Amino acid sequence: MGIKISLLIIWRKLRQNKVFSILNVLGLGIGLSVAVIVFLYASYELSFDRFNENADHIYLGVENSQNLNSVFPLPLAETIRNEVPEVEFAANVLPWEIKKEITTANGEFLQSCFYMDEGIFNIFSFRIIQQSQNTIFPTENSVAICESLAKKFFGSVDLAIGRDITVDKKNMAIISTIFKDIPNNSSLRFEMAAPLQTGVKEFKIVASWNDAYFHTFAKLKSPLNQVKPKISAFAKQHDIQIEFFPLTELHFAQSGSSQKTTLYIAIFAGIFIMLLACINFINLSTANIFKNSREAGLNKLFGSSSFNLHRQFILEALVLTFIAFGVALMVSFLLLPYINQLIGISLSIGQLTLFKSLLLLGIISGISFFTAIIPAHIFSKAQPLHILNKQISTNQSAVFLRKGLLLLQLSLTIIIIISTLFINKQVHFIDQTNFGFDKKNMVFIESENIQTMAAKYSVLEKELLKNPLITSVCATDARPGVIGSSTTGFRWQENSTEKSPSVYMYRVSNEFVNTFRVKLLEGKGFDKVQSNTKEVLINKTLAHLIAENGSALNKVLYQGERPFTIIGVLDDFSFNSIKEKQQPSMILFDSSRGFYPCIRISNEASTSLALTQINKNMKELFPDMKYEIKFTDDFILDEFISREIRFSKFFTLFSVLGIVVCCMGLFGLALFESNKRIKEIGIRKVNGAQVMEVIALLNKDIIGITIVAFVIATPIAWYAMHKWLENFAYKTELSWWIFAIAGLFALGIALLTVSWQSWKAATRNPVEALRDE
Amino acid sequence: MIKTQKLTKIFQTDEIETSALNEVNFNVEKGEFVAIMGPSGCGKSTLLNIVGLLDNPTSGSYLFNGVDVSNLRESQRTGLRKGNIGFVFQSFNLIDELNVFENVEMPLIYLKMSASERKARVEAILERMKISHRRKHFPRQLSGGQQQRVAIARAVAANPGLILADEPTGNLDSKNGLEVMNLLTELNREGTTIVMVTHSLHDADFAHRIVNLFDGQIITEVRKQMSETLL
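Heads up: the protein sequence lines correspond to chains A and B, in order.
Each residue of the first sequence is one higher than the one before, counting from 502 in the working numbering.
Each residue of the second sequence is one higher than the one before, counting from 48 in the working numbering.
Don't read these hints as lab results, they were simulated from the structure.
Small disclaimer: the values here were computed from a predicted structure and weren't measured.
Each residue gets a CB set at the ideal place from its N, CA and C atoms; glycine is no exception.
Hints should not be assumed to be uniformly reliable.
Taking CB as the label site, the calculated pair distances span [to be verified]:
1. A/1253 <-> B/105: 30 to 38 Å
2. B/249 <-> A/1253: 50 to 58 Å
3. A/809 <-> B/65: 37 to 45 Å
4. B/246 <-> A/1176: 28 to 36 Å
5. B/64 <-> A/831: 43 to 51 Å
6. A/864 <-> B/105: 56 to 64 Å
7. A/1176 <-> B/123: 24 to 32 Å
8. A/518 <-> B/58: 25 to 33 Å
9. B/64 <-> A/518: 25 to 33 Å
10. B/105 <-> A/809: 47 to 55 Å
Isolated chain B, as found in the complex (with noise of 0.2 Å):
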């Protein structure tokens, strides 16, 4: 599903240029939920954001479902995105003037549904989420754990093939951080596939293979079943 070739992500400032990434290969097959560890600043999240079409490589190429995708401009980035890629984020990132409903409803406003199918599908992922008792509370009104319920299932809402989580956890408690996990494993049983950026080990223990990122680069790769080391 994703397979990405000597990827290289340089940032540019007018005084400082910044290696994020460095001809990272990175492959993740449909199903897969891959887990990538590395300390702050390895380029964990620049590599999330450049497999999630949010951002493009400086240099390499990236496949997303055999397309080429590494040189989109921004709305053809946009047009993949929609459907295809949801995404949790560590500050759950829901709009405050949006109750939990609207929230959720937003990726399938612009993907065109018609309201009655959006309401039927919103109503659903609410449920399952246990938090359709709460659909008309805003995100100021929730706690840590429920908002990331929001997040997710406004993340699976448009049914994509692909997750994309940044620290799903960090700023959760360990009961709510599990749940949350537990969510996501649910999900990928049932067929999505899950990429995830964390910093716990306990997190990365429910996917199928962690990858370690340091310096821009991968350095090791361990499958949950047998280990295998690259250098």
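The shape of chain A in the complex, shown without the other chains (with noise of 0.2 Å):
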């Protein structure tokens, strides 16, 4: 039989097969499509900071391989570029994000900025566009700015090179150097850059070893294993810790060892997805092939080879798979926008090369060669009478196979219902977790210019203060919940030359326990009317490192020569991240410091009227700065939990598409049932059988099969979260009722898929049964 009749038959058993059909490509198309966004973003996540040339011989500095967020003196890079010759680059990065306001003769804008030493654009490819001199930032009112920027300033990057640009409506800056937007996919990203020393004026940091604020990045010419040695002693002679941490590892690293965790849940999820599409299509296809096996019982009959038997089953397996891969195309493409905001990247079907375009259709063409082959091989060997009288469909290895793939089928669905429930759960417990502060009811100002704001703090306090909604006011030098700067420079005996570990340093004024409402363990907080800048306040984590046994109150500090008392000691809090481990942490007294205010609200009912209050003090003396009152626990959600929302509906969605699968599957299954049992229920019927029994019966076996595949799931799942949680410092239960729920739901979801098949065959003339038969 040629090619051409062969599709003809083909199109013709499509169409009269709509139900099989469009359950089989949708199945696989939907299927299909999660593998083609879970391949994006796997690529997407893999290929992190490797655009950079010679990524593998950058580096991130850092205390140690648990610290990722080191901050290292303005010293280190220039000396260790000098002491090590290995080190072919090292540039600072103060990683502070500052908002700027930029006026241009299109408008102004509201930009953030970060200082660097233009080194940085030795270590990563940044891509240079333009330059108005062979530096990237001649003088020191130079900025740097990337593509898109430069069109919105100015329109077109050759219209804003060399131009200026007013900053803060005070400074002029001169745009030098206009570069390539940076890629998503980079640890280090910013649309606008200042040279470094700009920074340093600007914050008066002082340049000295034992002050910390910088990242520092190096590129090195030879691999690290070889400079490590050289590191050490570089370390051990300027009485630092450092070490190198790969840039090309950085990305999973920075964002908690649950990044990578989050892709391979995403890869399995998208295997597991995947695997229950090519069940359902294995068991649909076989099941269709072996309900329309007359044709292949006369084909045999009349003289068909086996060449041309298994060429008709692969074909039409293939063309099966060929339209679902372009269902597969079409789902992906509604799917991405939704999916690109869940997870906050960009991907696109355009990113699909053609390489990975080839390799996906190579995978899923092996699929249906698989598919099609067994039932090939059966029919082949078959006689061609038993193959009319329907001797091959009851054959028991063939019913076996099936119950076995649905087996499989219902346990990788269950494995991700048990895992969207968890994941739900751990975000919801994570946003009622106590920090160890009180986030609620206290707002915090976030203003273009936090140096003004620390000159005027004290004014705005007393403002404020007169509002009897609003109950206490203290300034940090970070935002709520975030660690501005973290040091190694103290330490707890006069004498001694011991290291200490990292200590993050927070800086406030004087009402920062009543405001944050700390658990105070000891001692006392500071001084309401004189605070002394030499007492400060510490955690119970860097109390313990102090001492063990017995009380660090009133103990002394050292940085460098200065002293500093323990005045209270606090429970510990959770800043930076909720997955981390508890750091020591310090509060040190320093009103010039003051770029935040925060302001607790006596309660939830008061808050409109407080916040009116609070935009009026604010604009009275602040008439021409811009602001934002933002509230705490919104930001703390957004800062540190929503990175888990997202995943968790990343998840949930992954989770319904695989269910849909999973019920298409088996609502194709029962239909196949039903249909082949069409005469045992006609008989079962006219012995006496009432609708409810012959329901019964039908769904007895998927009842079976769900027990089974939930006792396999259970522990499988349970191990995977157990995994999972072990990322988050705090955790929710593995609870019992979760597996008993997803069990019990997932019992629900099958019986109702194929209760409607059962329910139509029960319900069906006995006398129509038999005479079709």
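Hints in hand, dock the two standalone chains.
Next up, the structure:
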């Protein structure tokens, strides 16, 4: 039989068996779309920072591999470059995102800016499009901007280069360099950069080895293992703790090991759903083949060769597969915008290169080949009359294979359901978790000019406290919940030369304890009237380090020669990340760094009125300054938990798709089974079976298989969730009732899906059933 | 036992309306053995299906054991059928996935009989049908005659008052066919009412009365002892 006729027969079969065809194509299409999306996501995540030339030679300076937010003193970069010849480039970045008001001919813009050494552009492959001179920052008032900013400010790159801009309505800057937009998969991303020295001056940073503020990147000439001894020697010589962490591992490490776990979970979920879809495809296709075995029997009867028989089956499977791939691309196209929004990246079908597309097609063609080859082999070996008398379809091994695949499918679905429920439970748990301070009913002000804010903070505080709806106010040098800096410069024995571990530092004004409502375990907070700058508060973790079995209260910490007395010990509070274990932290009194006023409102009902008053005070004191009042709980949610929320939504979406695919398969199999058992159902009804008894008979198998699937899935899901939860410092329990809900849910869905077909079959007139046979 | 009056059945599809039965008055007394004959398409199986409560008439009445069953719902018909009517088909209609014992046991399960009682009854019937040595075999492992004996065993397992047989020897050779007809006769002698559709005059001769159908109407009824013609 020619290929043309074969294709015509295939097309007619698809039309005649519309339900089967749609279930098959749609099910496989959805599964493939998940595979496409996961493929794109995995490619994106695994390619992070690899666009840089010699990416394997680029490193971030860290104190140790557990602390990737390490900051270092200003002199480090230049010194290490001079003293370790294997360091080709080393450069600092001030890791604070500073909002600047930019005025150009095209208007006014609020723009984030980072201060950095121009050596960053030697380390990273940020492509320079245009430069006014041969250097990134020829002068202290130079700025470098990305291409899209250039277009935003001036309409085009050519019009932007060398142009003046006004910064914060008072300073002039020149656009000296324009670079290509930094890709999303870069650990270091910015749109605007200014010289590091400008930032040092602006924030009055002391260029000493004792004050650490900067992230330091380096590019090596040789592999790290060859340079390590020299770096260790350098560190020892300068009394500093430093290691080099590979840039290519930074993305996952910085996001916490959960980011990698997230990727792996996404890959596994994708594989699971792809597997579900393939199982569906195999089950439905083989069922359909056996259902329509007359054609194969007649072909054999009239002399069709084994080759022709194989070709027909394989061709049919391939046609279905290719149609499904088309459906997959359409579904992916529709889902990607939502997924991009969920996980905060930018994936598109266009990123599916020819090679990747062919790879995917190759995989699914392999699946369809496998699907077709088994029945093709069975039919080619069987006698024509056996085929025509349908002695093949009741073959026990075919039945066993179908049930086995269904069991696998249900097990995977239950694993996905359990995982989804636990992920959502964990997110809810985190959201409710007490971080050691009261984030509700507290707002903070984020202004465009934090220096101006600090200068006038004391006046603002007085005005705010006149309002009875405001219970307390304090100012901090970083946004609530975010540690601004850390240091290893403290020690607690006067003459000790022992290095202290890294200590997080938070600079605040006097009402920190009352405003943040952190729990004071020992001692007192800063004095309301006259705080002493030589007094500090520490957290429980640091207190334990200082005095393991006793009290750290009244002990003295030394930074260089400067003594600080511990006047209070606070309970641990989580700043920086809910995944991190508690870090030693200290709170220093420094009202000159009151960059972010934090305001405790008396109760939720008073919020609106309180905000009105705060706005009034701000307008009076800072009439020309842009600012934003933020709710601390929303900020914390967004800063630390939103990633988990997005992940849970991402996983829930996959879970829903997986359940849809599974249901499609169940529906198709139920249709097949009820068709296959038409005669039996008719006989049973003739012999007295009621409708419910027939339904129970048809559903019996699915109940049994679901129970077995639950038993298989539960320990696997438990283990997976247990491993995932290990990434969190705060974690929910692996409650037994989640497993029960998942099992009942799976059973409910399975029964609902098959019962429709069972009911149709059970209510059919037995006369028609027996007549059709 | 069976009394129909002006029984009519019309089958309707999108394009065609077929009158399978046309105001048929059909009576069967308890303990009778009645054969229904006629050419293909005359309405024999339709009449049998309605008598067997497998289908409802379009119009007319049907009294079964004095109860009007013309317009019962499916569940009511099933309830009435259980234990009261047994069926024997031309193509045996055994369930391929069940063995002989399980096939015969099936109607007793729907009668909610206890397992021990079912076992005892099925064993007795299989013994009577001389098929108990094959109790664990599946239909595909039996000959045609054996399969039909199993079907008859299933039909009588619940001790129904009425057996409906639709061409019970149609797929059998003469020897097996005779065996089946002897079985049915034996059952009738024990008191079971039998209504049988057949093309075979030889088989019809076992009956007390032969009813001839043509184009959905009864045209003759012939009693074995005496003739009576209706026009």
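For each hint, the structure was consulted:
1. A/1253 <-> B/105: 30 to 38 Å: holds (36 Å)
2. B/249 <-> A/1253: 50 to 58 Å: The hint (50 to 58 Å, Cβ to Cβ) holds, given that residue 249 of chain B and residue 1253 of chain A are roughly 54 Å apart.
3. A/809 <-> B/65: 37 to 45 Å: holds (42 Å)
4. B/246 <-> A/1176: 28 to 36 Å: Holds, since residue 246 of chain B and residue 1176 of chain A (Cβ atoms, about 31 Å apart) stay within the stated range.
5. B/64 <-> A/831: 43 to 51 Å: holds (46 Å)
6. A/864 <-> B/105: 56 to 64 Å: holds (58 Å)
7. A/1176 <-> B/123: 24 to 32 Å: For residue 123 of chain B against residue 1176 of chain A, whose Cβ atoms are near 27 Å apart, the range 24 to 32 Å holds.
8. A/518 <-> B/58: 25 to 33 Å: holds (27 Å)
9. B/64 <-> A/518: 25 to 33 Å: holds (30 Å)
10. B/105 <-> A/809: 47 to 55 Å: holds (50 Å)
The structure is consistent with each of the numbered hints, conforming to all of them.
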